[in-house]
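Q: Please put together the full structure from these sequences, using the hints given.
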Amino acid sequence: MTTNSSRTAQAQEPTVAKRAAKRSKFRRKVAGLLALAVALIAVGALYSALSPNAQTAHAAGDPATVRKGEEVYNKTCISCHGGNLDGVKDKGPTLIGVGSAAVYFQTSSGRMPMMRQEAQASRKPAALKPDEIDALMAYIETKGGGPEKPKTSGAALRGGDPSRGGELFRLNCASCHNFTGRGGSLSSGKFAPELENVSESQIYTAMQSGPQNMPKFSDRQLTPTEKKDIIGYIKSVSDGNNNPGGAALGGFGPVSEGLIVWIVGIGALVGVTLWIGAKA
Amino acid sequence: MSGNEEEPRVPSEEELAEMSRDELVELGAKLDGVELVDYNDPWPVKGTRAEKRSERLVTLWFGIGALAAVLFFVVFLWWPWQYADPGHQFLYGLYTPLVGLTLGIAVLSLGIGALVYTKRFIPHELAVQQRHDGRSDEVDRQTVLAELADAGNRSTIARRSLVKTAGGTAVGILGIGALILPLGGLIKNPWAKSQTDPKDTLRWTGWREDSKAKTVFLRKDNGKADQIELVRPGDMDAGGMQTVYPLHVPNELKQKVLEAQNDPEKLRSVLMREDSTDQRVREEAEQLWEENKEELRRVDTPVMLIRLRSSDAHKVIKRKGQETFNYGDFYAYTKICSHLGCPTSLYEQQTNRILCPCHQSQFNALEYAKPIFGPAARALAQLPIDVDPETGYLYAKGDFIEPVGPAYWERRP
Chain A
41 MTTNSSRTAQ AQEPTVAKRA AKRSKFRRKV AGLLALAVAL IAVGALYSAL
91 SPNAQTAHAA GDPATVRKGE EVYNKTCISC HGGNLDGVKD KGPTLIGVGS
141 AAVYFQTSSG RMPMMRQEAQ ASRKPAALKP DEIDALMAYI ETKGGGPEKP
191 KTSGAALRGG DPSRGGELFR LNCASCHNFT GRGGSLSSGK FAPELENVSE
241 SQIYTAMQSG PQNMPKFSDR QLTPTEKKDI IGYIKSVSDG NNNPGGAALG
291 GFGPVSEGLI VWIVGIGALV GVTLWIGAKA
Chain B
66 MSGNEEEPRV PSEEELAEMS RDELVELGAK LDGVELVDYN DPWPVKGTRA
116 EKRSERLVTL WFGIGALAAV LFFVVFLWWP WQYADPGHQF LYGLYTPLVG
166 LTLGIAVLSL GIGALVYTKR FIPHELAVQQ RHDGRSDEVD RQTVLAELAD
216 AGNRSTIARR SLVKTAGGTA VGILGIGALI LPLGGLIKNP WAKSQTDPKD
266 TLRWTGWRED SKAKTVFLRK DNGKADQIEL VRPGDMDAGG MQTVYPLHVP
316 NELKQKVLEA QNDPEKLRSV LMREDSTDQR VREEAEQLWE ENKEELRRVD
366 TPVMLIRLRS SDAHKVIKRK GQETFNYGDF YAYTKICSHL GCPTSLYEQQ
416 TNRILCPCHQ SQFNALEYAK PIFGPAARAL AQLPIDVDPE TGYLYAKGDF
466 IEPVGPAYWE RRP
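Residue numbers (the numbering used here), protein chains in the order written: chain A, 41 to 320; chain B, 66 to 478.
Everything labelled a hint here was simulated from the structure, so no lab data went into it.
A hint or two may mislead.
Short, incomplete list of chain B residues facing chain A, as computed with Cβ under 10 Å [said to hold, decoys possible]: (1) Phe137; (2) Gln154; (3) Glu274; (4) Lys285; (5) Gly406; (6) Ser410; (7) Lys435.
None of these values were measured; they are calculated from a predicted model.
All C-beta atoms, glycine included, are put in the ideal place defined by N, C-alpha and C.
A: Written out as structure tokens, the structure reads:
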């Protein structure tokens, strides 16, 4: 070290004027760097003081749950949705920003994980346990936020105005799901499922997240109250609640009812006619 | 064949006067070639208990019919028929079954009563009628033809060509008149009035601006006809769809509409001009309010407002002349199918297809809602939309440039 510094000292000796010029240049450099640092810090401080709060609210899931969710993701979802949740071409879409609502709907109804690639994932018994679903929700929620599943569930999600819910259902949902939620067909083998034995949370999260080909209904388009009213209506016409006659005949309305009336009615008329003829 | 049987002798006038009713009935039947073998009164001895019982039975059925008819009217008029909430639907749920049951019993009892009466009281006759085979006698055929030809000949119509022409003309004009009724509507010029008449539904829908002093906002239906909510672009997520209706708002109210913050109560008070003390202003506002309410029920107004997913937005192909009709990723298409007018609102957000449930027509939302499958031949009409710079709500820049639904085919330049 000493030999080194003495050598530099010797090398930097030539003239005093030169040395002074060099030092002032060094000073200017340092001053410039300092000024830049101060300016950067000031801008940063100003930015953090003035910028609005981030729009995406990240769930404050505790780290252990999030880690467990990541494990579940790596085991069951990663092959189609990719290592960075950015999707795999022709296999699965990105999960960034889909939120916990989408995770809850897809996994609790057994649609995800899918068995194979097909026109549409259909309902089946859930493959994940409830605590695994919770962990996965917390994990996905840390990746870009998105619509959150409501905290409450069950009867608390049923609105108090099913008749208004019926109006909204017929306006927004009935075109695909039928006016009493019996479902219906879509293009190329896809279909809107029937809403029988579907939990309130699943209906709610489906509206929030727009699974597969269903449009999304954000909370500003259908307010939470309106969503709950719709659920109240669905619950009042499904699960056997819309069956005063005893035989719902599929609940499709005039098609099945007309067919049955025709077969039974015409059959009865023919029978009576035969009976009268036999008596005469 | 006729003439081979023994012809009944036609009685003289004196003999006719002497005959009883029974004998007259028998004679009439015989003259028609019918012989009554058995024609007995079912109750030869009057006033037996069995006869009285039968009478009572018939009376009972008619009585039940009358009672059921009265009950039908009572149920129809006074039974609670208004929709009730789930859990309180017992009486309401019985309305339709009771109406059907009472009406059914009334009709059925009348029928059974009539049947029982026929079976118990009408004599069971056994009659034999001779059958006539083959065509009429040659004499009958020739004479009838001669009579018809003679009638035509004697009317001298064959050589009176003036009368024939005049009569033919009268009948012909009447026939053409009957044709004009259905055909006249087809040959009228649809453009004649439509330029000026805003109520001409062939050309204009509820989205037409009545004047430049009003803006037609996109209004959403929140299930309550008396409430108004407008639509901001931020209200919809990508991949969302909602049905919107027109709301005509005078431009001078825009500032207040903005201040109302989409609160239905405040919007109502703004649009009803509750701040004004001028009676005329308030009456006009009320009339506009009612007109706006009717737009919710018009057949040509429902519009699907679709927000495409941003990953799809770059694939959009716009139609010539409709390049500026969308606002960013927002596209507005009529909900009325161009095939037969069904509500075609089955929107698939991933494939961007719009399906019509009636005949399975499919439209591509990425390509000006052009039909890609099914019987529909024309694209869905697209509504030009934009964001109002003063209020931030979506509004329609004008009416559709072509008719919605299965109407006629002209596009406005």
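Q: Tell me if serine 410(B) is really an interface residue toward chain A, meaning its C-beta lies closer than 10 Å to one of theirs.
A: With Cβ-Cβ at 4 Å, under 10 Å, it holds.
Q: Regarding the hint that glutamate 274(B) lies at the interface with chain A, is the smallest CB-CB distance below 10 Å?
A: violated, 25 Å
Q: Regarding the hint that phenylalanine 137(B) lies at the interface with chain A, is the smallest CB-CB distance below 10 Å?
A: Check failed: Cβ of phenylalanine 137(B) comes no nearer than 20 Å to chain A, outside 10 Å.
Q: Minimum Cβ distance from lysine 435(B) to chain A below 10 Å?
A: Status violated, d = 15 Å.
Q: Identify whether the interface hint at glycine 406(B) stands, where standing means a beta carbon of chain A within less than 10 Å of its own.
A: violated, 15 Å
Q: Given lysine 285(B) was flagged as interface, is its beta-carbon under 10 Å from a beta-carbon of chain A?
A: holds, 8 Å
Q: Taking the closest Cβ pair, is glutamine 154(B) under 10 Å from chain A?
A: It holds, given that the least Cβ distance between glutamine 154(B) and chain A is near 8 Å, below 10 Å.
The structure does not agree with the numbered hints 1, 3, 5 and 7 stated previously, though it agrees with the rest.
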